[in-house]
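Need the complex rebuilt from these two chains, each delivered in its own frame; the hints are there to steer you.
Chains as they are written, first to last, in the numbering used here: chain A, 1 to 307; chain B, 308 to 418.
In short, the hints are calculated from the structure, not lab data. Take the hints with a grain of salt, since some may be wrong.
Below, a sample of chain B positions facing chain A; criterion: calculated Cβ distance under 10 Å [as the list claims (entries may be wrong)]:
#, residue
1, P331
2, H333
3, W335
4, S338
5, Q339
6, S352
7, G354
8, L363
9, Q365
10, E366
11, W368
12, R381
13, A382
14, E398
15, S399
16, A400
Since we're looking at a predicted model, the values are computed, not measured. Positions of the beta carbon are idealized from the N, C-alpha and C atoms, including for glycine.
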Amino acid sequence: MTDWRWFYKVRLRLRTLLRRDQVERELDEEFRYHLDQRMEQEIARGLAREDARRVAVRAMEGVEQKKEECRDMRRVNFIETLLQDLRYAFRGLRKSPGFAAVAVTTLTLGIGASMAILTVVNSVLLRSLPFPDANRLLVLFATSPARGVYRDSTSFPDFLDWKGQSQVFTGVAAYRRDRFNVTGGGAPEPIVGLRASHELFKVLRVSPALGRGFDKEEQEGKIPVAVISQGLWMRRFGGDPGVLDKGILLDDVRHSIIGVLPQGFQFPSFTDTDSTHPGESESFTWLPLRSRPAKTRGAGNNSPAGA
Amino acid sequence: MSKPTDLVQGTLDLLLLKILALEPLHAWAVSQRLKQVSGDVLQVSDGSLYPALHKLEQEGWVTAEWKVTENGRRAKFYSLTRPGRRALERESANWERLSGAISRVVRLSEV
Numbered sequence: 001m002t003d004w005r006w007f008y009k010v011r012l013r014l015r016t017l018l019r020r021d022q023v024e025r026e027l028d029e030e031f032r033y034h035l036d037q038r039m040e041q042e043i044a045r046g047l048a049r050e051d052a053r054r055v056a057v058r059a060m061e062g063v064e065q066k067k068e069e070c071r072d073m074r075r076v077n078f079i080e081t082l083l084q085d086l087r088y089a090f091r092g093l094r095k096s097p098g099f100a101a102v103a104v105t106t107l108t109l110g111i112g113a114s115m116a117i118l119t120v121v122n123s124v125l126l127r128s129l130p131f132p133d134a135n136r137l138l139v140l141f142a143t144s145p146a147r148g149v150y151r152d153s154t155s156f157p158d159f160l161d162w163k164g165q166s167q168v169f170t171g172v173a174a175y176r177r178d179r180f181n182v183t184g185g186g187a188p189e190p191i192v193g194l195r196a197s198h199e200l201f202k203v204l205r206v207s208p209a210l211g212r213g214f215d216k217e218e219q220e221g222k223i224p225v226a227v228i229s230q231g232l233w234m235r236r237f238g239g240d241p242g243v244l245d246k247g248i249l250l251d252d253v254r255h256s257i258i259g260v261l262p263q264g265f266q267f268p269s270f271t272d273t274d275s276t277h278p279g280e281s282e283s284f285t286w287l288p289l290r291s292r293p294a295k296t297r298g299a300g301n302n303s304p305a306g307a
Numbered sequence: 308m309s310k311p312t313d314l315v316q317g318t319l320d321l322l323l324l325k326i327l328a329l330e331p332l333h334a335w336a337v338s339q340r341l342k343q344v345s346g347d348v349l350q351v352s353d354g355s356l357y358p359a360l361h362k363l364e365q366e367g368w369v370t371a372e373w374k375v376t377e378n379g380r381r382a383k384f385y386s387l388t389r390p391g392r393r394a395l396e397r398e399s400a401n402w403e404r405l406s407g408a409i410s411r412v413v414r415l416s417e418v
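Bound-form chain B, shown alone (with noise of 0.2 Å):
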């Protein structure tokens, strides 16, 4: 399994989850929304996206739906299922312990 080197482990999940839970999109509408939101912070590869989302949708957190395009063509887009929100929140819930944690580490100060 690809994973992005400049990523924590099991982030990119957090991420294409917290996407997918505002809208329905197809995977190249996720990589630009990955880059635009993250200011290209997060470098994710065009690839890796695709075996992550495959995965999600494995694991039923994601499902799939081939729909037409603005621009006319077929895409298969991916929207979050009730399992898929509940693991949102389960690692968002993570994530904001474990980087709190980090942050409080990080800040300490030398006396």
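Same shape as in the complex, but just chain A (with noise of 0.2 Å):
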């Protein structure tokens, strides 16, 4: 059983609202009607004409007050006065331009710092990472109250041993933020990258779209690789399936290209201000994290991240 109703209740709605001179028209001329017929059923009653007419609007009980029932019936009254609220509101603001302009100033300054706070706030607290099972990510920092440290990063050593001791974390991996310059093929540039161990691939569940990601015997080993970003693979290398024979020069040593990350992946993600090309802080490096022999534990400038 399809319900027709709507059709013809929108149908109407526009009407009111579309067509209001003659919708209120009609309505005058339906209560002429009726008035004029009972004035004649009273005349032939024998009525005087005026007492007839008084007799019939008698009857009506309030012309005009039905009349503004029946507005109300078609339920769109409401927006009519809204539209003369606004108008109304709109002669009021010019004539007085002084108490428009402080309004106005209170309302932008009113919004502006609500949108602004949002705007942190849904960056900062309210948007998950884009990473998958992002709620199952975060960052270990080294504690040391006594000395009123409590978000320091760790050493290598350190690192590995969290990794070994730890059984909660599905994998821990350690990453340290660098710059590089790059040179040859192009004009030098500085762009900012990581040093992360083998692991951040699995604990980001980030699979390279081109090539791989470096492993365990890469990270220890002594061939230098990177993994670039799919910006930095466009704009120096004109997205070439055959980057990955190429070398890119990184601090003028030679790193072989074994892999590109995916389309608007970014980690970590970079602020403006990180980069000195703005706009584009998608352009980074991930180089294998080194153990350094000379750092000792406790000391270090490493984030593990765990999962």
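Shown next as structure tokens:
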């Protein structure tokens, strides 16, 4: 059983809104017809014309009031009233520009401040990280309450201990932010990047769009390798699929490109101030994190990420 | 919304639907028919009829059409739509149920 009532309803409401004059005229005409008929009836009963009119009007119990009730039935009165109110408000504001200016400024500042706060809260607190199972990702920090240090990075040996001795994580990886100078094959430029342990691919569940990530051997081996971002690949290599055979000069050392990260993937997330080329914040590389023999336990600047 | 005090709330809709189910009528004729059929028992003021009819129209139960009457004037004729017919069946059944129940209660004899 289809309900066709909405068809009648929509048609009538549109008509009321768009052809208001006609609808009003018809309302008038309908009431006038009734009053005339009633008058004739009363005249036929022997009343004088004026008396008949009075009786007819009284029988309606308030002609204008009933008309208004009919208008209420159309359920679009509130739209008409709203438009009238808006026009009235607009005229009022034009008459007192000072008040209008203050009101507009107040609203602007209020809305602006709320928006700014919401933007920050949204990106910092509400929006989840762009990784699978982001709610299971966390960053581990070293703490030393005695020295008042609570969010410190850690050393590579400590990272190895954390990784080896903890059982609560599916995986633990370490990374360190770094900067590199890219030279050769185009203008030299500084880019940002990471030195990461090979587990980071697994922890963030990212697999390169092209090629592969580095493994344990490459992390510990002597041959320099790099995984570059999609942005850098497009910009410096023109999206050439043969890039895997090529090398990239980072800080004057030739690195073999073994992989290209997926499009839109960003880790860490760069703010524009991080990048020397604003808007090209998608240009970055990942290099294997090397253990530096000189480092001792308890000192270092690697941030392990657990998952 | 004005409702005739002598009518149980909602029954005016039922009466109007029933009257219009018999033939399309303009409001004046509806008021005459009401008086005629109910023998002046049901007091519906002339004015109250209009909001009620307009409500039925907005609900999609009746539809209106301007036609020329027998005395040569234009009048707004209301007729039942298909949803209106279904509403009438529903309301009639409700009314039978309600009035039947009330009658049974009223006729209870004291023991």
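For each hint, the structure was consulted:
{"no.": "1", "hint": "P331", "result": "violated, 15 Å"}
{"no.": "2", "hint": "H333", "result": "holds, 7 Å"}
{"no.": "3", "hint": "W335", "result": "holds, 5 Å"}
{"no.": "4", "hint": "S338", "result": "holds, 8 Å"}
{"no.": "5", "hint": "Q339", "result": "holds, 9 Å"}
{"no.": "6", "hint": "S352", "result": "holds, 5 Å"}
{"no.": "7", "hint": "G354", "result": "holds, 4 Å"}
{"no.": "8", "hint": "L363", "result": "holds, 9 Å"}
{"no.": "9", "hint": "Q365", "result": "holds, 5 Å"}
{"no.": "10", "hint": "E366", "result": "holds, 7 Å"}
{"no.": "11", "hint": "W368", "result": "holds, 7 Å"}
{"no.": "12", "hint": "R381", "result": "holds, 7 Å"}
{"no.": "13", "hint": "A382", "result": "holds, 5 Å"}
{"no.": "14", "hint": "E398", "result": "violated, 15 Å"}
{"no.": "15", "hint": "S399", "result": "violated, 17 Å"}
{"no.": "16", "hint": "A400", "result": "violated, 16 Å"}
The earlier numbered hints that this structure contradicts are 1, 14, 15, 16.
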